[in-house]
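Protein sequence lines, in the order shown, are assigned to chains Z and W. Letter by letter, the first sequence follows residues 1187 to 1508 of the numbering used here. Letter by letter, the second sequence follows residues 1131 to 1409 of the numbering used here.
Keep in mind that the hints are not guaranteed to be accurate.
To be verified - No farther apart than 27 Å at their CA atoms in a straight line, the calculated lysine-lysine pairs in the DSS-like style are these:
#1 Z:K1236 to W:K1241
#2 Z:K1206 to Z:K1236
#3 Z:K1236 to Z:K1381
#4 W:K1241 to Z:K1421
#5 W:K1408 to W:K1214
#6 Z:K1213 to W:K1270
#7 W:K1150 to W:K1408
#8 W:K1356 to W:K1408
#9 Z:K1433 to Z:K1506
#10 Z:K1406 to Z:K1434
#11 Z:K1425 to Z:K1480
#12 Z:K1236 to W:K1270
#13 W:K1137 to Z:K1232
#14 Z:K1406 to Z:K1504
#15 W:K1408 to W:K1137
What the hints assert, rightly or not - Some chain Z residues near chain W, calculated using beta-carbon distances under 8 Å:
#16 S1228
#17 Q1250
#18 A1256
#19 G1277
#20 E1281
#21 S1286
The set of hints was computed from the structure by calculation and includes no laboratory data. We put the beta carbon where it would ideally sit given N, CA and C, even for glycine.
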Amino acid sequence: MGATVTEKKEMIATRVAYGKTLAELGKENLNIVVLDADLSGSTQTKFFAKEFPDRFFNMGIAEQNMIGVAAGLASTGKIPFASSFAMFATGRAWEIVRNSVCHNMFNVKICATHAGLTVGEDGGSHQIIEDIAIMRTIPNMTVIVPADATEAKLATRAIAEYFGPVYMRLGRSNVPVLFDEKDYEFKIGKAHVIKPGIDVSIFAYGVMVSRALWAQEILKSEGISAEVVNVSTIKPLDKNTILSSIKKTGCAVTCEEHNIHGGLGDAIGALMSEENPAPLKRIAIQDQFGQSGKADELLIHYGLTKENIALAAKEAIKKKMK
Amino acid sequence: MPLSDEKLNELKLVCKDLRKSILKMAHAANSGHPGGSLSATEILTVLYFAIMKYDPHNPNWHERDRLVISKGHATPLVYSILAKAGYYKGDDLLTFRRLGSPYQGHIDRLKAPGIEASTGSLGHGSSLAVGMALGSRLDKLNNRVYLLNSDGELQEGSTWEAIMSASHYRLGNLTAIVDRNRIQLDGWTEETMTLEPINKKYEAFGWHVQEIDGHDMNQIYNAILKTHEIGIKEHKPCVIIAHTVKGKGVSFMEDEVKWHGVAPNDEELAKALAEVEKE
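Produce the entire structure from the sequences given, and follow the hints as far as they go.
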């Protein structure tokens, strides 16, 4: 069981898969409770809310309290899923996440949607590009970013089973369905080589996984064999899979819909420096805020494209040759 | 109904022991928060020894009453009272604030038993208590959630978010007690950032409010019993604003800002212990 990329052309947002799975889980596990901060229609917790009104708590526009209340619910044995936009669930509530949830080791799942540039038209105030950095730096926290609807569904189930604080980042926009549930295994802390290759390792998560796959095709047409790895658990990092890929290829590219500081690029860069120094190029947002626009336009505007990934891969390979 | 004379005398002796322990712990650590521990001594004594249902041999007993100490800096008091309640022997309380000690500078649930939630960062406890009250209600438990707030932390916006949600969800199983000692680190609360009228603020947020002398254990006891009654009848969260004196029981600490976060030296400790003993 591994991860085969399907040829399906379906487009589904990860938040939708999350919302539907949560409603299924509600039937199976009576300890699951859900909190939202006036965004249940957007985060998709509305499905759970409709079916299980007694276990759904709308906390209003008060994200700090939402996270604190989730921590209190967890202390009574409930499994709280707290959702809002990623900007507010992580940014606004950071210190509550840090102290009330993680320092207490309370079993809270923060599943936040509308992360990154692909929020689109709402603009810079809502496009959090710092969430991975600020969540992964907290002890006890697990950080997960599903690449597609299939992975979002499986990850939602996996984190309900896992005991401990989790941050799961979900997107607003529709993204291609890459994996088939029948032959995709999601395990917290496990990265998947989804296209094997020998010349360069491309590590990506979230919306950038499909772009990494497209870049792999460009490279292939130029005679370059790129390995694409879906790093859907940012923390704990799957050091074995990542290092064995780099050992094989000798260079790496990271791709993320996140600021260049503090994300996967930094995590893998640090790991490589310590364990297996090799050339690295990081595709990320270059330390600037987003703006309004369509999701796809924004990814292009900020350089998060298959062409740039392919270019970075070639530069990394060139450095390896020196 | 007042506490019996016998019970009251027993509780007064507990308070005396706790005050001595608080002073010794702060002295041994050469840091810590004696002032806000001494102000809340009677409140916690009544909760632990006249009100709450708990089992020190089974701290995770699901049907226990839960107490969230939102003023997580009142550590010398909390760690002393948990020893008295039987959660641990406490013969090592003087390791307070030292490396490796279970008795942390601010309470830590993962290092010592009997603590519902690690706090210390102000403005967290109220949300935690709301979550516990919701969780207890979902499980149809016949317990109560108690919450000890400092007055200073009513300046935190998150506290009011929690207060708003407690009445929205009609949490009649929640009793908050505000240790209104009127002093915060930088000075008097009203000079630092005006809190009054606290009672009207809680009322406006849909809470039942009582005001009492927070060192009179009969008043504390009766006010808490009243919150049980109101909670069941009116499905309202209840707050008791307990007017207290920071540093209570030690003449040179009382109402002195300095003693918020400073430990007594050898001479001050001897003087303070003598005063508490005489009381």
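Status of the E1281 of chain Z interface restraint (C-beta, 8 Å, chain W): Holds, because the Cβ-Cβ distance from E1281 of chain Z to chain W comes to roughly 7 Å (cut-off 8 Å).
Given pair status - K1480 of chain Z, K1425 of chain Z, alpha carbons within 27 Å: violated, 35 Å
Pairwise hint evaluation, K1504 of chain Z against K1406 of chain Z, where the allowed Cα distance is 27 Å at most: holds, 16 Å
Closest C-beta approach of S1286 of chain Z to chain W relative to 8 Å, hint status: At about 5 Å, which falls below the 8 Å cut-off, the nearest Cβ of chain W leaves the hint on S1286 of chain Z intact, so it holds.
27 Å Cα cutoff - pair K1236 of chain Z, K1241 of chain W: violated, 40 Å
Interface hint for Q1250 of chain Z, Cβ within 8 Å of any Cβ on chain W: holds, 4 Å
Hinted pair K1406 of chain Z and K1434 of chain Z, Cα distance within 27 Å: holds, 17 Å
Pairwise hint evaluation, K1421 of chain Z against K1241 of chain W, where the allowed Cα distance is 27 Å at most: At roughly 25 Å apart (the allowed maximum being 27 Å), K1421 of chain Z and K1241 of chain W satisfy the hint.
Given pair status - K1408 of chain W, K1356 of chain W, alpha carbons within 27 Å: violated, 33 Å
Given hint K1381 of chain Z paired with K1236 of chain Z - CA-CA distance at most 27 Å: Between K1236 of chain Z and K1381 of chain Z the Cα gap is close to 40 Å, so the pair fails against 27 Å, i.e. violated.
Straight-line alpha-carbon gap K1408 of chain W to K1214 of chain W, limit 27 Å: Status holds; Cα separation ~21 Å.
G1277 of chain Z as chain W interface residue, shortest Cβ-Cβ below 8 Å: For G1277 of chain Z, the interface hint is violated, since the closest Cβ of chain W sits about 14 Å away, which is over 8 Å.
In summary, the structure is inconsistent with hints 1, 3, 8, 11, 13, 16 and 19 from the numbered list given earlier, while agreeing with the others.
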